[in-house]
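Q: Order-wise, the sequence lines are chains A and B.
Note that this note's numbering has the first sequence beginning at 187, numbered continuously upward.
Note that this note's numbering has the second sequence beginning at 14, numbered continuously upward.
These are calculated hints, taken from the structure and not from any lab test.
The structure displayed is predicted, hence computed values, not measured ones.
Think of the CB as a built atom: it goes at the ideal place given N, C-alpha and C, for glycine as much as any other residue.
Be aware that a few hints might be false.
What the hints assert, rightly or not - Here are the simulated lysine-lysine pairs, DSBU-like style, with alpha carbons at most 30 angstroms apart:
hint, chain 1, residue 1, chain 2, residue 2
1, A, K256, B, K70
2, A, K202, B, K55
3, B, K70, B, K55
4, A, K189, A, K256
What the hints assert, rightly or not - Anything over 12 angstroms on all C-beta distances counts as not near chain B; from chain A, calculated:
hint, residue
5, Q192
6, K202
7, A204
8, Q225
9, S228
10, E230
11, G248
12, A267
13, M275
14, N284
15, T287
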Amino acid sequence: AQKITQTQPGMFVQEKEAVTLDCTYDTSDPSYGLFWYKQPSSGEMIFLIYQGSYDQQNATEGRYSLNFQKARKSANLVISASQLGDSAMYFCAMDAGNMLTFGGGTRLMVKP
Amino acid sequence: EPEVTQTPSHQVTQMGQEVILRCVPISNHLYFYWYRQILGQKVEFLVSFYNNEISEKSEIFDDQFSVERPDGSNFTLKIRSTKLEDSAMYFCASSPGTRDGTDTQYFGPGTRLTVL
């Protein structure tokens with residue numbers, strides 16, 4: 187069974203600063219994918235970034251990057267140059283087949 | 014950019030009634046999913062669907078639930094006799110289908126189901 191843990195229920199960041207959202211996972215599957223989704227107050231789930239378990243490089247997508255440390259089983263999301271529109275819930279998720287297991291989420295609040 | 018669509022956006026029903034939630038996945042995707050999110054809680058997997066049959070299902074997906082792909086575009090979730098605890102946001106998702114953990118799932122905007 188897969189498990190995703192997000193230990194930060196809520197975080198504040200000053201606009202234009204970088205922020206790291208933590209995610210640790212547990213799985214016995216050798217091949218898996220790690221995902222981050224953003225859920226704004228409107229409720230939709232927006233895909234942000236993906237990291238494969240065999241990827242040698244950390245994934246990056248614009249202002250989002252994933253700090254993947256396989257030995258520590260962590261996949262932290264780094265958002266650079268935070269914007270007010272980044273205020274939302276952020277979910278880490280893992281896929282080791284064809285179902286996603288989600289963490290409990292982190293609510294990020296960007297201060298002007 | 015193609016996207017997953019869901020209807021209705023909000024459904025209110027009486028306990029014991031049947032509801033059907035509808036989804037149109039991205040057209041060239043092969044895998045379809047339903048998830049639910051009870052207010053303030055994490056997103057939970059319900060079921061995945063591939064090649065016109067259920068691929069995986071969770072413990073939540075009991076006999077009260079069923080899924081169907083009635084035509085080439087729609088994907089539906091039916092709850093036969095709704096309970097108060099079925100009140101949640103229901104998300105449909107679809108993915109291209111690489112089956113190796115790299116398959117990105119794209120979510121629809123959700124249907125908020127309220128059971129009274």
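Q: Are the hints correct? Go through all of them and say.
A: To see whether the hints hold, each was checked on the structure:
A C-alpha spacing of about 28 angstroms is found between K256/A and K70/B, which places the hinted pair at or below 30 angstroms, so the restraint holds. Using a Cα cut-off of 30 angstroms, the hinted pair K202/A and K55/B holds, with the two alpha carbons roughly 28 angstroms apart. As the CA atoms of K70/B and K55/B are separated by approximately 17 angstroms, the hinted pair is consistent with the 30 angstroms bound. Pair hint K189/A plus K256/A holds up; C-alpha atoms about 15 angstroms apart against a cutoff of 30 angstroms.
Look at Q192/A: its CB is around 9 angstroms from the nearest CB on chain B, not clear of 12 angstroms, so calling it non-interface is violated. For K202/A, the shortest C-beta to C-beta distance to chain B comes to about 28 angstroms, beyond the 12 angstroms cut-off, and the non-interface label holds. Distance check for A204/A against chain B: the nearest CB is about 24 angstroms away, which clears 12 angstroms, and the non-interface claim stands. Not every CB of chain B lies more than 12 angstroms from the CB of Q225/A, the least distance being 8 angstroms, so the non-interface label is violated.
Consistency note on S228/A: stated as away from chain B, yet its beta-carbon is not over 12 angstroms from all of that chain's, at 8 angstroms minimum. Its closest Cβ contact with chain B, about 5 angstroms, brings E230/A to no more than 12 angstroms, contrary to its assignment away from the interface. Residue-level check passed: G248/A sits 15 angstroms from the nearest beta carbon of chain B, beyond 12 angstroms. With 12 angstroms as the threshold on Cβ separation, the claim that A267/A sits away from chain B holds: the shortest Cβ distance comes to roughly 24 angstroms.
Listed as outside the interface, M275/A is inconsistent with that label: its C-beta sits roughly 10 angstroms from the nearest C-beta of chain B, within the 12 angstroms cut-off. Interface exclusion of N284/A from chain B breaks down, the closest Cβ pair being 5 angstroms apart, not more than 12 angstroms. Taking the minimum C-beta to C-beta distance to chain B, about 7 angstroms, the non-interface status of T287/A is violated against the 12 angstroms cut.
Checked against the numbered hints above, the structure breaks hints 5, 8, 9, 10, 13, 14, 15 and satisfies the rest.
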